[in-house]
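Visitor: What follows is the residue order along each chain.
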Amino acid sequence: MAQTDRRDAPGLPDFSLLKRLARDQLIYLLEQLPGKKDLFIDADLMSPLDRIANVTTLKQHEVDKLYKVELKPVVSVSDQLCFLIRPRIQTVKWIADVVKSDKAVGRFRRYKIIFTPQKFYACETVLEEQGVYGDVTSDEWEFYLLPLDDDIISLELPEFFRDNFLEGDQRWVTTAGSALRLLHFLFGPFSKVYGIGRCAKMVYESWREQVEDGEKKAQNPDIGNVFLIDRDVDFVTPLCSQVVYEGLVDDIFRIKCGSVEFGPDVTSTDKSLKVMLNSQDKVFNEIRNEHFSNVFGFLSQKARNLQTAYDKRCGMDIKQMKAFVAEELKGLKQEHRLLSLHIGACESIMKKKTKQDFQELLKTEHSLLEGFEIRECITYIEEHINRQVSMIESLRLLCLLSLTENGLLPKDYRSLKAQYLQSYGIEHLLSFANLRQIGLLVEQQPGETLTVMESKVGKLVNDKTAGKLTDAFSSLAKKSNFRALSKRLMLIPKTGEEYDLRVPRDMAYIFSGAYIPLSCKLIEQVLERDGWTGFEEVTRMLNGHEFAVTGGNSGTETRNKTDPQRIILVMFLGGCTFSEISALRFLGRERGCKFIVLTTAITNSSRLLESLLDNQG
Amino acid sequence: MKESKRAVSSILVDDDDDDDDDDDDDVEKVSWSGEPVGTFSEASTRVYAPELRKPKSECKDYFSDWSPEETVKRMRKGKVYSLERFRSLQDKLLLLDEAVSAHDGNVITAVLIYLKKSLSKEIFFQELMVREIALRHYVHYLKEMEEQKTLVELMKLPFSQDDAIHVQDHYTLLERQIIIEATDKKGEAEIFKKFPRKASILNMPIITTLYYSCFYHYGESEGTFSSPANIRSTFRISEKQYILTALGARAKLKSWFDVDSLFNTKNWLGYTKKRSPIGFHRVVDILQKNNAPVQVLKDYVSLIDDAELKLSLAQKYKCHDIVIEMYRDLKDRQQLIVYQGKVERGSHEDRKIDQLLGNMQIRWKN
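Top line first, the protein sequences correspond to chains A and B. Be aware that the first sequence starts at 1, since it is given in UniProt numbering, and climbs by one per residue. Be aware that the second sequence starts at 1, since it is given in UniProt numbering, and climbs by one per residue.
It is worth saying that the hints were derived from the structure and are not from the lab. Being a predicted model, the structure only gives us computed values, none of them experimental. Incorrect hints may have been included.
Stated by the list, open to error - Going by beta-carbon spacing under 10 Å, a handful of chain A positions derived as facing chain B:
id, residue
1, Asn54
2, Arg88
3, Glu124
4, Gly168
5, Ile426
6, Met541
7, Asn543
Think of the CB as a built atom: it goes at the ideal place given N, C-alpha and C, for glycine as much as any other residue.
Next up, chain A with everything else stripped away, as it sits in the complex:
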């Protein structure tokens, strides 16, 4: 049922090497602090670490107890404390407090901080200012890349999105460049690099510099081409409801580092179960990219096939039975287990989603994408807010409206914002400010609004300052030109012809035939044209920063002939959704190439919006 790979499809490189490298480096660092030690792990690092080195491995290297980093006093009695953390000032401050309170009671311990993937100077400054710089040793664990599956690699840096696109902080640019450098070193050299977006350009330049300074590697490349794309080039796609199986599972159950926790309602027992979701799960692998409408039918058919296979044993003699048990039974039992799990998940999903509500929600989303009956959409959103259906979903719909309509009418903005605050609470005032700043939820004619703000603030502070401040942050927001782009790139398939979701004809199937994801369409077009020539109209609507560079390696090589040329690494800066990954897999099958998705983190609408909320006080 799942479109099988073409026989001529290129093979993917083996990324398990990345895990081994990371593991070896971590062990080396742990051994720099010989003897028994307690290890404190950043909450965000627990899942990634689990994929690299499990508890057993850690204990084999003299790690005694494991704790999660929580900003409160430590109860550990060990003489040596090791901290494995992301370079956050808040965490470093807490570590400094731990050291200081030990000092205050005259307790002597050894402290080692392992920053991953790198240390920031600001962190060192905190140690210095707190007077503990000389009491701790620190190291960097260069763990940049976590393979989540055969064709997905993640930097596990969800903070990349907010830091870069909301705060305008470029701290992770070099990190992204280093991740690329590592891939280039192990699986390159890359011959062509395409990209679009301010951050993409910076990352490219950072990578370029690092490669120039580093060792020159002339080897047989596994990966030929790279495409860098900023998340803010396409905000619409991650905000749409996902309807491919893996996307739905992520939206509802939250997949974390390639694994998900299914509750009792799915497992049909009284316990929850944590399962890995990747290509190793044969059942999952066949349904992951499918539109949800196909999944249940597929699973039922498989269940029937399974029953038939089981039934074979009636009428078997002892010898056959023995063979059956020895060879087939285990596999069948495994398949059975996975099947019932996924059927349970489907039922749970259907209960939650396939009610009238979800149909109406999708209808509204599709109307917004199409630009059809917008007033009705606004009414729907207003009532959604009034009924307090869901804080995040109401916000998501508002942002979709803003992005597809190039901003809300001032009266709509004011009214919907007021109603939102009335329904969900005043604490969301700052969230609206953030969403406006990043360009997700804006009023039309922003220029006018800025002057209003400037004149009001101007009364409190001198005018020059106010103007500069708004300038500094307003330039972060990109103007959305969705409607124009949609027409030019034909992102909305023509209605009228029935769209067969069982045999998808283009990438729009991931959204029930209503919309081709902008990000993936851009990638498709640029690869087809081998660059951006002839696409000036589009790049202008995307606010520029596009580039296409040919490395030293190719040029004379005939395009698309060699295997590495047909393996394309797509790097999403700011996050990527499972729907986009499914779309790229489809595109790959169509074009006889394979996409490897490299992302700063897996994201979806909830994660994207939650990272922009500021509900303090």
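Following the hints, position chain B against chain A.
Guide: Coordinates of chain B only, in the frame set by chain A:
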């Protein structure tokens, strides 16, 4: 001693070639570590001897010669560096601008930390104002360091006039909630015994407060703070918001009479008719979610404008009379026969359909 010192510095500088072996001891400044002269082999001094004859200022190995470009480069690679030599304002700004053009937030922030320490607030802020990217990094740093005071001095966050109203509303709401909470906590009225409160009303949003009021204080006079009417007018709640909220609360309590009254309005002749700012299909949906019986649902299904929607909802919620009447109006005999199969034999609906099918005066279309 002096010559040995130079030899040591030059050896340290030549560490350029072994990146990975750089001690991660994070020494920010190269300082004379006080190692005795005798540690250096004859070989190293011989190698560097020619250098020692050059005048100090021409010696490229001193970090006093590291330009902003070189310093930033070294910082990006995690190598030893020194910022203290950038003492003039001009040099400091060159350093900052170089850091910004390198697109490395880690370095930009490090330079900003140094400038913060070595420049007065006024001058530092002044220069930040004309450097967008540096300013953004500094603001982010302040947020992370929780230096709210400095942030406020720098920013004076621009909230619009509208936002001021929202904040005002919030305080008014809180005042009211405190008063309501004080009385309701005792829970003396009958309704609190039948439906005990699950949580305090403090800090709940306006709509939640209105729902609460419609649930526990429905019908109270506008004069009291706890009445729905008072909340509605104080917070300028729209008709749509009010009706949706009141509907939810009264439906939950199964007060169908109250629900009915929400939609009653008198026309100019004094006759009561039903009106709603939200579609009646929405009303049906909310009632159904609150387990309203069919007798109640059908009254509202019959008010739905859109015929297709009305028919599908009537079928969904088994409002037989409505379905039958609609098929009759559509003169659709076939569908009526099909529908007869869905109703109970001998029931009132069954007989009704029989009657219609037998009616010779109707000009069926099929």
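Visitor: Where does the structure disagree with the numbered hints, that is, which hint numbers, in rising order?
Guide: 1, 6 and 7
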